[in-house]
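A.B. asks: Line by line, the protein sequences are chains X and Z. Be aware that the first sequence starts at 1, since it is given in our numbering, and climbs by one per residue. Be aware that the second sequence starts at 1, since it is given in our numbering, and climbs by one per residue.
What the hints contain is simulated information worked out from the structure, not anything from laboratory work. You may find that some hints are simply not true.
[Claimed, not checked] Simulated pairs of lysine to aspartate or glutamate, EDC-like, Cα-Cα distance not exceeding 20 Å:
no.: 1; chain 1: X; residue 1: Lys105; chain 2: Z; residue 2: Glu14
no.: 2; chain 1: X; residue 1: Lys105; chain 2: Z; residue 2: Glu199
no.: 3; chain 1: X; residue 1: Lys128; chain 2: X; residue 2: Glu98
no.: 4; chain 1: X; residue 1: Lys80; chain 2: Z; residue 2: Glu199
no.: 5; chain 1: X; residue 1: Lys143; chain 2: Z; residue 2: Glu199
no.: 6; chain 1: X; residue 1: Lys80; chain 2: X; residue 2: Asp93
no.: 7; chain 1: X; residue 1: Lys143; chain 2: X; residue 2: Glu92
no.: 8; chain 1: X; residue 1: Lys221; chain 2: X; residue 2: Glu235
Quantities reported herein were computed from a predicted structural model and do not represent experimental measurements.
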Amino acid sequence: MSTDIAIRTHNLTRRFGNLVAVDRVNLTVPRAYIYGFLGPNGSGKSTTIRMLCGLLKPSDGEAEVLGLNIPREAEALKRKIGYMTQRFSLYEDLSVGENLEFIAKVYSLARTQRHQRIAQQLELFDLKDRRQQRAGTLSGGQKQRLALAAATLHQPELLFLDEPTSAVDPQSRRDFWEFLFQLANHGTTILVSTHYMDEAERCHALAILDRGSIVADGTPKTLEANINAHVIEIEPADLSVVREILMRVPHVLSVTQLGVRLRILVDRAVDDPAGFIKDELRDSQPDAEVTLARASLEDVFVAATQLRSRERAA
Amino acid sequence: MNSLRRIFAILQKEIRQLSRDRLTFGMIIGIPMIQIALFGFAINTDVRHLRAAVADESNTELSRTLAADAQATQVVDIVAHVRTAIELEGLLRDGDIDVGLYIPPDYPRRLQQHERSAAQLLVDGSDPIILGAARQLANLTQHYDSEPSQPLRAALFEIRNHYNPERRSAVNVVPALMGVILTMTMVLFTAVAIVRERERGNLELLINTPVKTVELMLGKIVPYIFIGLLQVTLIILLGMLLFRVPVAGALSNVYLGSLALIAANLSLGLLISTLAQSQFQAMQMTFFFFLPSILLSGFMFPFAGMPKAAQYIAEVLPLTHFVRIIRGVMLRGADLVHMLPDLGALLIFTAITLTLAVLRFHKRLD
C-alpha cells in the first residue's frame, strides 16, 4: 500500500439485523486531505466512521487505515487516530485543564510533553482563560474547540469528526474550519461527516452517502461538473401552479423554491432542457423566463439521491 | 507501566468527579448514619411497654397483685383501668391498647381449679411480635404474699442468654447492617458510575483511546473499595458509640470480611452496568437484587426459620454469607479461619460476576 493513502476500503458493509446500514462502500482517502461525508441522517456516515475506528466490526468487506488492517489491528490504530463524537463527550464536571490532562494521561504522554502540549492546545484553541472553568459551563463553540483540542492533543495522523459543527453558530463553524485547514496543512488527514452544503464545499474531496451507499464522490468541482442532471431556473407568475405541473413531468427530478424562483433538476437524458420545460408550461405560463444555471453541490446531492430512489422505484 | 499510568488517570478523574458530586458524597456518609439510627433505635424486636388496660372485676388482693406483676415485667404498661370486659374490647378495637387483662369476679376461686384458666389476656394479634410478647405474659404465675420465696411451679427450662445478655436488638442488627449498607451503596455506585459514562457519551470517547477494558474497570472500582472501607469504619464507630456494639474478634478480620463483600458487590455492580441502558435501569436492577438480600440473608428474619427454597436462594446472595461472617467475628469473637466456607462463597461470587462483566463489556464495544 502506498503511504500517501490514509484510508482505503473495499466493499465495506455493515448490517444490523435485516437493515443494511452501510452497503459495499469503496473509499480512497489521500493523506493530508479533508475528506467529507455528505448525507442525511441515517445514511450510514456514523456507522462507517465507527467501523474505520475499529469500534464496530464490519459484516463484510475490508478496510485499511494508516496501513493497518481494521478491525484486526484496531488497538494499534487507536494511538494514531483522534475521534470527535457527535455529542460533546468530555467530562462536564471536570475543568478544561483537567479534561485535557486526563486525555493526555490516557494517551500516556510523558510529563514534560504533556504540559507542553496542553499549553500549546489552550493557546491554539483560545481556551487559555478558561483553563479552570468546568467544561459543562462552556458555550457551544467553546465546547467544540475543547473537543477538538482533546482529539488532537496526542497529534494523531488521522482525525475522525462526526458531525462536529451540528450544534454551533455560523461564526464558530467558520473558526472551526480554519482549525481544520491548519491541521491539514500540517499533514493531518481529516474525515469529517456533515449535512451542511457549505462545509462539504470546503472539503478537498467528498463522498455523498444515501441509505448506506456512496452515490457520488470526487472533488466538489468535478462533482458539480459531472452532475447527471440539468439545472434550470424559472421565474413564473404563479409559483405553486407551476410547481404542481412540473412535479408530474416524468424527466423532472426535483423542483425547489428559492424566493420567487424555482430551481428545477431535469434528467441528463433530455437534450434541450430549457425548451423541454418551456413546452411543458406552454398552456399555463407561456411567458415565464427559463434559464440554464450552474450546478451547485446541493444540486449534485439532490440529483444523486433522487435518481437512486427512482431506480429503486422502477 | 503505561497501563498503570492509565489506571491511575481514570482513578484520579473518578475521585475528582466524586468530590464534586455532592449528592453521591452525601449518600456515602448519609446512608450509614441514617440506617444506623433507623435500625438501631427504631427497629427493636425486643418488645416492651405495650399499652395495656385492666378490667378487674374481682378487685381482690390477689387480682391486684397479678396486675402489679404484669406491670413489673415491663412488657406492658398499664395505661387504663376499666370496669368490664366489653370496655376492654372497645379499647382494643380502637387501637388505644395492645393488650387487655381481664380478671373475672370469681378469680380467687378459679385459681384453685386447675382445669380452668383463672384470667384472660386479650391481645391485638395483628402484629405477631406483639402476640409473641403477650404469650410471655401468659406464663406469669400468681404469687401469694404468704409464701414469697416459694413459687408455685418451677419453670421447666432455665433460659440462659449468651452474647447479648441484655437482649438488645442493636447488638445483633448493627454488624449485619454493615453488610446491608455495603450491598446497597457499592452495587449502586459502580453500576451507575459506568452507565452514566455511557449515557453522557463519555464511553464512546474512552473506548477510542488506548485504554483497555480491564484498566477502565480497575480505575473505576478502586476508589469505591476505599469508600466501602470508609463506610465500614463509620458504621463500627457509630455502633460502638451509640449502641455499645462489641467487636469481640480481631478488627483485621472485620475488615477482611468486609473487603470480600465489597469485592463481590463491586463486581456485581460492574455486571449490572454492562446490562443496563440507563441509570434508571441500573437503579432498578440494583433494587431487584437488594430486596431479596435484605429479606433472605438472615438480617431481617432468622435464617433457620425460612423455608428450604428461600434458604437455597439465600445461599447465592453475598449478604447471607457476610451476615454469618460478621456476626461470628464481631459478636462471638470467631476467627476468620473458621468461616472459610462463607469467605470462599464470597470469593467465588466475585470471580464469576467479574468474569461475566469483563466478557460482556468486551461485547458491548461492538
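A.B. asks: Run every hint past the structure and note whether it holds.
C.D. replies: We went through each hint and held it up to the structure:
1. X:Lys105 - Z:Glu14: Roughly 14 Å separates the two Cα atoms, so the pair holds.
2. X:Lys105 - Z:Glu199: Given pair Lys105 of chain X, Glu199 of chain Z is violated - Cα atoms ~23 Å apart, limit 20 Å.
3. X:Lys128 - X:Glu98: holds, 13 Å
4. X:Lys80 - Z:Glu199: Cα-Cα ~26 Å, so violated.
5. X:Lys143 - Z:Glu199: holds, 18 Å
6. X:Lys80 - X:Asp93: violated, 27 Å
7. X:Lys143 - X:Glu92: holds, 10 Å
8. X:Lys221 - X:Glu235: Judged against 20 Å, a Cα distance of about 27 Å means the pair is violated.
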